[in-house]
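> Now for the letters of each chain:
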Amino acid sequence: MKSEVRIGGRVRKLDIERTGPKQFAVVCGTGDKIDGNVDVDVFEVAPNAYSIIINGRAFEAIVMAAAEGVVVRCNGHDFHATLADPRAWRGGRGAVFGAEGKQKVMAPMPGKVVRVLVNAGDKVAGNQGLVVVEAMKMQNEIRAPNAGTIERIFVKEGQTVATGELLVTIE
Amino acid sequence: MKSEVRIGGRVRKLDIERTGPKQFAVVCGTGDKIDGNVDVDVFEVAPNAYSIIINGRAFEAIVMAAAEGVVVRCNGHDFHATLADPRAWRGGRGAVFGAEGKQKVMAPMPGKVVRVLVNAGDKVAGNQGLVVVEAMKMQNEIRAPNAGTIERIFVKEGQTVATGELLVTIE
Amino acid sequence: MFKKLLIANRGEIAVRILRACRDLGIIGVAVYSEVDRAALHVRLADEAYPIGPAPSRESYLRIDKVIDVARRAGCDAVHPGYGFLAENSELPRACADAGLGFVGPSADAMERLGSKTAARQLAYRAGVPTVPGVREPIPELEQACKIASDIGFPILLKAVAGGGGKGMRLVSSADELPSAWRDAGSEALNAFGDGRLYIEKYLERPRHIEIQLFADAHGNAIYLGERECSVQRRHQKVIEEAPSPFMTPELRRNMGEAAVLLGREAGYTNAGTAEFLVDAKRNFYFLEVNTRLQVEHPVTEAVTGLDLVKLQLQIAAGERLTIKQSDVSLRGHAMECRIYAEDPENQFFPSPGRISFWRAAHGPGIRLDEGVYSGWTVPGDYDPLLAKLIAWGADRNETIARLRRALGELQVVGIRSNMSLFQKILADAEFTNGVIYTRWLDERLASLLDKDAQITASSDESIEAEAASIAAAVWQAGRSRSLEGPQSQPMSRWREDGRREQMTRIPER
Amino acid sequence: MFKKLLIANRGEIAVRILRACRDLGIIGVAVYSEVDRAALHVRLADEAYPIGPAPSRESYLRIDKVIDVARRAGCDAVHPGYGFLAENSELPRACADAGLGFVGPSADAMERLGSKTAARQLAYRAGVPTVPGVREPIPELEQACKIASDIGFPILLKAVAGGGGKGMRLVSSADELPSAWRDAGSEALNAFGDGRLYIEKYLERPRHIEIQLFADAHGNAIYLGERECSVQRRHQKVIEEAPSPFMTPELRRNMGEAAVLLGREAGYTNAGTAEFLVDAKRNFYFLEVNTRLQVEHPVTEAVTGLDLVKLQLQIAAGERLTIKQSDVSLRGHAMECRIYAEDPENQFFPSPGRISFWRAAHGPGIRLDEGVYSGWTVPGDYDPLLAKLIAWGADRNETIARLRRALGELQVVGIRSNMSLFQKILADAEFTNGVIYTRWLDERLASLLDKDAQITASSDESIEAEAASIAAAVWQAGRSRSLEGPQSQPMSRWREDGRREQMTRIPER
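Protein chains in written order, with our numbering: chain A, 48 to 218; chain B, 48 to 218; chain C, 5 to 513; chain D, 5 to 513.
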């Protein structure tokens, strides 16, 4: 199976073949540090946890779904990776990594809205507080990613919210 | 679901109802220490691992399939339990716990037969060595459960055996 | 000694106290809220009783329910742990009324030292120096504004009933005061059921160093050395260690004796911690006494070789301290990381949810005090502390090395945790040189988390990034397969495509 | 210090050495056989290379492959762990030829002390007492029969190359000798590639007490106290502790100095262990020197506060010992249980297979050195040691209590382990009083395992038996469900039957 993974400014094309019930061989695209001639042996040692051996170097990686793409923790370092739809690549259309549109501010965790700090129509600066959500006994201020104008507020004080629930949109 | 469990000389009739994705209520038969009026709350905390609360008393139990029935490790004590087919009990026929026939001596673990100590037709005493199987760097002497006459030997020296593979039958 | 102990708490500290019960042959009784039925402290308890719905005000903060369970279960004492009811003097009173022992100080001593303002008045009388500030709870915002401008900014707003950084705010200017006053008050009310605040002068670059105190009911009191807890994020301790890298034997003796003096003045018994700020000239200022076991007690256990919960239980049962001050000796160095369910890459937002996989860390010098396990769903209703990872080593460097090794082994899958932050702190030269103070982490945090400033190992061109890409791709392949079924057409087609492509690939180098 | 270390081993000891590498900033290189690709030591390594098929003679015992990997990977030293090649003097020779460091003694010193017969000759010359016996390998059974009857039964057959109870047999009479000779020889050949045996007089109720020795290449040698390993099953150590409950300061000094003397006589460097038998009158008899790190080294680490693998690496790198004999002090008490994949309820048969679930034990005073994890399939090709559980406490009683607590927490699902045996030993009055000797467990085993003699808690009428029945029934219900599919008819019908029965049940009391 083919796959395309972006980490930071780097997109890698990878080709994965299952070699055992929990084991995979991976061929990396040309131009990478480790090219197609290098053996990459991946073993799924637990759900979402992998032991990877690249030419003798051993890595432990765990993969967690994130808001956009996945977070991979590899030998103590966290990487944010986005995955292209392999079908898109297979069709030769190249990778499509989501373009930014209107800012949607979502609850990063479940909790209770204890304060709404803005009104629709307010101009906000980047990093300005929008909503305070209480979770795990902490008051967490959810902030604007970038400057803009509040389009709509979807929650009110006292309401409980789930992870990913839309709080505010900013134009 | 109804169930019938024997531990030692004691057979218990139990009625299990699922109360949550991993939670169960159990009603014990009359005559048990904890009768039908006592709440028993069971939570499957991991595959084959249970947290059990009986009237406030908390237990941790893990269940492992054994040659006959299961071994249950409960708060540090090991119990060998045999389970009746619930359908048998449901039909009113009562529990059937397998009767003993000809002695079948099986390999208790995978390994290599390094020595066969008896011949077909030999009379053997209880606990007499029959076959030596090497596993995990140890030479393990498999012994006769009871006295009898060797009926047939199914393995030869140098052969590898799997768990449960028949080694010897004794009449 | 007690026969049966009710533990009025949850999480890692309930597990810690249950372990002490096991060691002493005491029957350990857990209580649990509706979301905690399968919690580790329930699994490991000898007995466990439900105590109400998830919100702590309806369960773990309900003294009446705690006392009722203790009575019904036939307990002879109650251990409050830390947090929840631990510093609420109504609990020891209710225990006394019910004929139950309480593992902690008397209600009176708790009130004399537990209120920060009362404790500072007592310190003032005893001649122990304190940080400038107002020792009474401040009723209204207006008065707070006046006091703050009298003392001069920056000031700290602190909860009278507080602890653990909750209900605490640093205020740099008069503009910030109203919103900080509101947030701190509401946080304190939620956490402790008491929203009252007081004000304290904020010192420049002070260290947080605290003394572990033990006193029995027979007039014996000792101190078990210090803990340095200067690595804090927003007044919440993140890393603690013993001994302090800044300590001298003379300072330890002076601070220890001041702590013992405060304990004696207050008629204090059981475990307590006197918290101090220490400035660059090694002047110390008394802050407050925590009238309970501290989260960070394991680092003291590691260097003294003593079991602090065991000592607590012995003293609460009326026994004499079996050790004198001269018996207390410190060996090596210990350090603790508080593993929280929070996301350092995303403003430290809490991250409750199901831990699909948890791999603990082990080996020489490593202790883990945990409240979670593989498969446990961390509720969003309580403190985000998952576990405490403690390392001991012959010296501070060995301890840091072991802690880093263990952090590399610890894996939490399913929720986010602050483990990556610890790796960055422990690799930081200022930290390894012991140049830390209470605001150090808040000031350093941005650069520690700055991706550009990170070591090249984590750049997108690194071999780790390559391995991470591979893991992400294999993860996706596994998911595609499970979505489509193991033997379905599309997967096989892809696989064949892959083979074909591999075979016809022309090396481009 | 070395930059890159090859670890020529697997399992918990490979993990232990990797942890030391991490602590010291050394790149740790693992090797693995075909069945060990997903083993913990491979997961935790910095680099990992395959070295052949599962049988150890084709992989972990292949010096040529080990050296080849070390060269290709650019290692500067090899650590052999224990077992496998650890006491094969060809390895240090091959390392020297390849310009690699070896973490252990020189080949010559290994030969002088590693062969039991050579070591006893050396002890004889140095005036250290030994157990009566024949110091040369015995070529044929006939000679063995003659020597045995000269010394007088009972005698011990022991492997010249041996250790860990492998290739060792107690022989009580001449009748038993031929079969014991055959079995011990074949076991020794399989385990060490050397089937030669010798004979030793078997003492009555001796204790096994050993001295940990360290010597550097600059003439400095120290002993790090003793370990008592008298709890053995068929000459295989099961529980080890430090200090020995039988020890006196004088005996420790005498045995320690004897061990240092032997080391000096042999020109020994690095870690070694001098094993002794000690009789009831505290006479000690030298047995042998293990020229490697011992399985049970963690108990010494716990009481001395030293990292023995770190010391090994420093000495192997040519550094001087940084501690003198007077710096060695012992604190508290430590004890280790060897958790094996074997079934104590069924003749201790090995139990390889998949660990479907593994819960470690943690908390105060607990260390775990493990080679396995949840989901790992324990191969049938190697030693059945899964992990070592080590407890430290202020005294022996606290240590035993903590160990029992931790054994209660440790869970292994999927394969059998010997954990239930440890609970029985640690609860035994003879053991807790320290009345142990090398045959103690073999003599006591039948009664410890006897179900009738067990405490009432495990009888079939106990509440634990009730809970176990409930667990078995719920387990079966879960399996029935999965066999029939989640929403199938039979299950629903049963469930309804159950509900109906419950409702119409008439209480019979």
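Bear in mind the hints are in silico, worked out from the structure with no lab data behind them. Remember, it's a predicted structure, so these values are computed and weren't measured experimentally. Honestly, I wouldn't trust all of these hints.
[As the list claims (entries may be wrong)] Below are the EDC-like pairs computed for lysine to aspartate or glutamate, each with C-alpha atoms no more than 16 Å apart in a straight line:
id, chain 1, residue 1, chain 2, residue 2
1, B, 184, D, 187
2, A, 184, C, 50
3, A, 159, C, 50
4, C, 7, C, 38
[Claimed, not checked] Some chain D residues well away from chain B (every beta-carbon gap over 12 Å; in silico):
id, residue
5, 122
6, 144
7, 158
8, 183
9, 221
10, 324
11, 349
12, 363
13, 385
14, 400
Where is the CB? At the ideal position from N, CA and C, for every residue including glycine.
> Hint by hint, say whether it matches the structure.
So, going through the hints one by one against the coordinates:
With a C-alpha separation of about 13 Å, the suggested pair residue 184(B) and residue 187(D) falls inside the 16 Å cut-off, and the hint holds. Distance restraint check for residue 184(A) and residue 50(C): the Cα-Cα separation of roughly 29 Å exceeds the 16 Å cut-off, and the hinted pair is therefore not satisfied. The suggested pairing of residue 159(A) with residue 50(C) is violated, with an alpha-carbon distance near 35 Å, which exceeds 16 Å. Annotation: proposed proximity of residue 7(C) to residue 38(C) is violated, straight-line Cα distance about 27 Å (limit 16 Å).
Even its closest Cβ contact with chain B, about 25 Å, leaves residue 122(D) beyond 12 Å, as expected for a residue assigned away from the interface. With a least CB separation of 20 Å from chain B, residue 144(D) remains clear of the 12 Å interface cut-off, as annotated. Distance to chain B confirms residue 158(D) as a non-interface residue, since its nearest Cβ pair spans about 20 Å, more than 12 Å. Look at residue 183(D): its CB is around 9 Å from the nearest CB on chain B, not clear of 12 Å, so calling it non-interface is violated.
For residue 221(D), the shortest C-beta to C-beta distance to chain B comes to about 34 Å, beyond the 12 Å cut-off, and the non-interface label holds. The claim that residue 324(D) is not at the interface with chain B holds, since no C-beta of that chain comes within 12 Å of its own (minimum 38 Å). Its closest Cβ contact with chain B, about 6 Å, brings residue 349(D) to no more than 12 Å, contrary to its assignment away from the interface. Residue 363(D), annotated as away from the interface, has a beta carbon of chain B within 12 Å; the closest lies near 8 Å.
Not every CB of chain B lies more than 12 Å from the CB of residue 385(D), the least distance being 8 Å, so the non-interface label is violated. Once the 12 Å rule is applied to beta carbons, residue 400(D) is consistent with being away from chain B; the minimum gap is 21 Å.
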